[in-house]
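J.: For the sequence shown, position 6 (counting from the first letter as 1) is numbered 6 according to the UniProt record's numbering, and the numbering increases by one without interruption.
Be aware that one or more of the hints could be misleading.
[As the list claims (entries may be wrong)] Computed Cβ-Cβ distance ranges for the label pairs, DEER-style:
hint : residue 1 : residue 2 : range
1    : 30        : 8         : 32 to 38 Å
2    : 9         : 35        : 29 to 35 Å
3    : 3         : 28        : 34 to 40 Å
4    : 33        : 11        : 33 to 39 Å
5    : 34        : 6         : 27 to 33 Å
6    : 2         : 26        : 35 to 41 Å
7    : 7         : 28        : 29 to 35 Å
8    : 31        : 2         : 41 to 47 Å
9    : 10        : 30        : 46 to 52 Å
Simulated from the structure, these hints should not be mistaken for lab results. These numbers come from a predicted model, not from an experiment. Here a beta-carbon is modelled for each residue, glycine too, at the ideal position from N, C-alpha and C.
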Amino acid sequence: MSASRILWHKLQYSRNIKVNFIRVSLSVNLHTPKP
Numbered sequence: 001m002s003a004s005r006i007l008w009h010k011l012q013y014s015r016n017i018k019v020n021f022i023r024v025s026l027s028v029n030l031h032t033p034k035p
């Protein structure tokens, strides 16, 4: 496995984490009752 491929996988992985984090925070915001 070349270094560029490893780097690309790391980028994809971190981007997926970011998307999941945004998705979770959005769903939490939707499900928490507003004051």
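J.: Each hint should be assessed against the structure and marked as holding or not.
T.: Structure-based check of all given hints:
1. 30 - 8: 32 to 38 Å: holds, 33 Å
2. 9 - 35: 29 to 35 Å: violated, 42 Å
3. 3 - 28: 34 to 40 Å: holds, 37 Å
4. 33 - 11: 33 to 39 Å: Holds - the Cβ-Cβ distance for residue 33 and residue 11, about 37 Å, lies within 33 to 39 Å.
5. 34 - 6: 27 to 33 Å: violated, 44 Å
6. 2 - 26: 35 to 41 Å: About 36 Å separates the Cβ atoms of residue 2 and residue 26, which means 35 to 41 Å holds.
7. 7 - 28: 29 to 35 Å: At 32 Å between Cβs, range holds.
8. 31 - 2: 41 to 47 Å: Taking Cβ atoms as reference, residue 31 and residue 2 lie about 43 Å apart, which means the hint holds.
9. 10 - 30: 46 to 52 Å: violated, 31 Å
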